[in-house]
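Just so you know, the protein sequences line up as chains A and B, in that order. Residue numbering for the first sequence follows full-length UniProt numbering, starting at 1 and increasing by one per position. Residue numbering for the second sequence follows full-length UniProt numbering, starting at 1 and increasing by one per position.
Misleading hints may appear alongside valid ones.
Claimed, not checked - Residues on chain B that point at chain A, a partial pick, calculated with CB under 7 Å:
(1) Arg29
(2) Thr124
(3) Thr184
(4) Lys233
(5) Thr234
(6) Asn246
(7) Arg248
(8) Ala249
(9) Tyr297
(10) Asp368
The set of hints was computed from the structure by calculation and includes no laboratory data. Fair warning: this is a prediction, and the values are worked out from it, not measured in the lab. Quick reminder that beta carbons are idealized off the backbone N, C-alpha and C, glycines included.
Listed here are the chains, written in short residue letters.
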Amino acid sequence: MSDRGKKAVGVETIGMTMRFGAFTALEDVSIKAPAGSFHALLGENGAGKSTLVKCMMGFYHPTAGDILVDGREVAIASPKDASALGLGMVYQHFTLVPSLTGAENLVISREKVPGVIDWRKERAELARFMERMPFKLPLDVKVAELAAGEKQKLEIVKQLYLGRSFLVLDEPTSVLTPGEAQEVLGLVRAMTKAGDLTVLMISHKFHEVTAFADDVSVLRKGRLTGTGRVADLDHRQMAAMMIGDQPIAALDSRADPKPDAEIVLKVKALKAPDRTGLKSIRIEDLGVRSGEIVGIAGISGNGQKEFLEVLAGQRTRDAGDVLVKGSPYGASRAEARTFNVRFIPEEPLRNACAPRMTVAENMAFRTFDLNEAGKPINWIKMSAIRTFSARLVEQFKVKTASLASPISSLSGGNVQRAVLARELTGEVDLLIVSNPCFGLDFSAVAEIRARIMKARNAGAAVLLMSEDLDELLELSDRIFVMSDGALVYETPIAQASVQTIGEHMAGHH
Amino acid sequence: MADTVSSAGVPAMLGAKGHLTALEWIARRAEAFVIPVASMIVGMALFSLFILAVGKSPVQLYETMWRGGFGSWFSIQNSLSRAAPLLLAALCVALPARLGLVVIGGEGAIVLGGVAAAATGVATSGAPSFFAILAMGVAGMAAGGIWIGAVGALRHYRAVNETISSLLMAYIAIALMNHLVEGTLRDPASLNKPSTEPLADAYRIGNIPGMEVHWGLVVGVIACILSWLLIEKTRWGFAARIAGGNVRAAQVQGLAVGPLIVGFTALAGGFAGLAGMLEVAAVQGSANASLAAGYGYTGILVAFLARHNPLAIIPVAFLLGGIDASGGLIQRRMDLPDATVLVLQGMLFVVILFSETFYGRFKAFNPDLWQRPDLLKGPDLLKGTA
């Protein structure tokens, strides 16, 4: 296993078609990644990218079409066959065992692990293997203690250790800082240039595609809509291939900020335990004014989630104050109503909806216990809930087969639209949003960002936490960086630099 | 501040799709009926194999079961009598289930409710019977409510698994009852079967006129209807369904999840305690070990078969009451132990639990797939829950 002199293999799909019942997920897709190339695969959610790579990895059996490896037709009936041919995949989320060290993770990932492991021998072999690798990693440290960039490197090293010479990278930089992303992709790029590896990278970041890939293929609605040398294409052309001619919601132009507007949210000397209970998050002083978007950047796992939970009343705090319009705020339903506070948590289906309840019911979560005059009621009227939801579904263009469908049957973008419809109607004074566009497609992202900007322009104070730096740069008036549980850096948008923000995210200051 | 709900013009906004057609309405509800019924048939088929294995005729068995449970006015009354405590015991499972909790310790609440009611009946002796019976009911509900409410509180505030704690609390409750009826509360006259002092005749609950079925059946049916109204029509029920559907979503909406859980579990336990009180006041006449007759456990099966819908509990409890009632006849006619019906109940339960995996799988029950085949999601092997 560990002695691999194998050079990169080229992979090609010809006329790949995949149908699930009446639904065609992939239609006649032919892409070619020659040995030693770095090929980018672009497309919106549901465009068929993951279906395509799952066919290549043997998870799906295509309805029609062939896969060629080094020009020869191969049959890939299972993931085992794929790995025997040297095809491997690095998933978007880590698949390492956090409680084991890097070395242990590598050894147990092998197909054949001896019943008794001779760790001295394995370690020596691993050391020899790592000498040949461009990636430098501490293999004797528990994976849980590695930084995200190191984990991603270890994932890639694991595939190489298993003898793979063609790798699918599924959005490999989504959890990395800009600096880490540069480093990891740079190393991978160097390996392809040396002819040791062929890479197919699923991505939605155009600048990464431009900087690292040789070729790009674009999928839309299961069809190949464009392919070519990256050097010949600009971002606008790639975007056009991805989304076709559908209109994209334009961002409201930013209303002038009012530096002396009322401070709606004030957090002072806040201290709360993080999820491990070992460390704590500390927010010394944070104020969000009416009519501004304050962005919080940071790599996930640096306390953003805990901070949000404190604001949402899901986590108790040890010390400090959360004030809304000058009054202590405890996130009860009554307080949220009095002060017009709205939360839009990340992954709405998991955090803001009851998946098996209907679209109509989910859209009524905030208002079901009020009557038309806004007075509390004890008896629910389903007809009123349906009327109310039908109106919101229309206003926010939620695509649903029926108001009685379970909300889990909707696509991610439409779930988020439903949640936005619920939370952004009526008067909003404070809006707290977390990763609102995670995993959504192009047009949904544009529309959702436009809605947030509109709320800001209408006078809402917006606290936006996001792992997507581009999103923060597009929307925020000020950006904070959160690292290791504290706000370590603040910059107005005019002076914001990706470089500096990235360094603070990585904790290099 | 809050949105006003306009009642003007619903349709036309979603076209034909926005309105629930009758067919769609039926399809969405048929699933919760067809799957349990099909599961029961499968369970009965499996039970037939068991009967064949012990060398008897399944046909004769089911025929006997029909006669023993539902074949005559006498057997129907017998089944209804057994259904009465099952209705309340099933509510003890169904109400917490709507909040996402699996409480299986209703037996404990029944037993304690019975003891509390018996003790109250003895203590209030001399009071007008209406007040005494009312006090017994309140005492029974309070005892059961505290018991299961504690399970809910442990769950929410201390993250103790409610399934395990309710089961263990049931053992404690039974031991506590034995301790009390054999000790402090024992009627010295009860020699063979330690019991509390018998209730005065005026404090006994009688039969529904014209039937050999006590008033507990009516109480149970009313409790089911009230529970249904609570869950489906009130804001507390709606909040509970949100919390049961996704507790994080409920918290983000500022709903008081803790009080909801404690309130619903306490009410659930209260119903089970009421079942214990009815057993004492209508059947046993005193509290003794017969209170732990297994109604709490059969109630679990009833609630799961009814998919935790309080209205569906009513027919299902009658059905299971009938199966229970037929045990004696099966024993006499077919020379099988009366525990045979427990084997059937166990098999039904396993099949019912298994059938949970079928919900949402059938196109016939999912109108979304009729109009929008593109909503059909392909099998997603690689995606996790994220």
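Those earlier numbered hints the structure runs against, lowest number first: 1, 2, 3, 9
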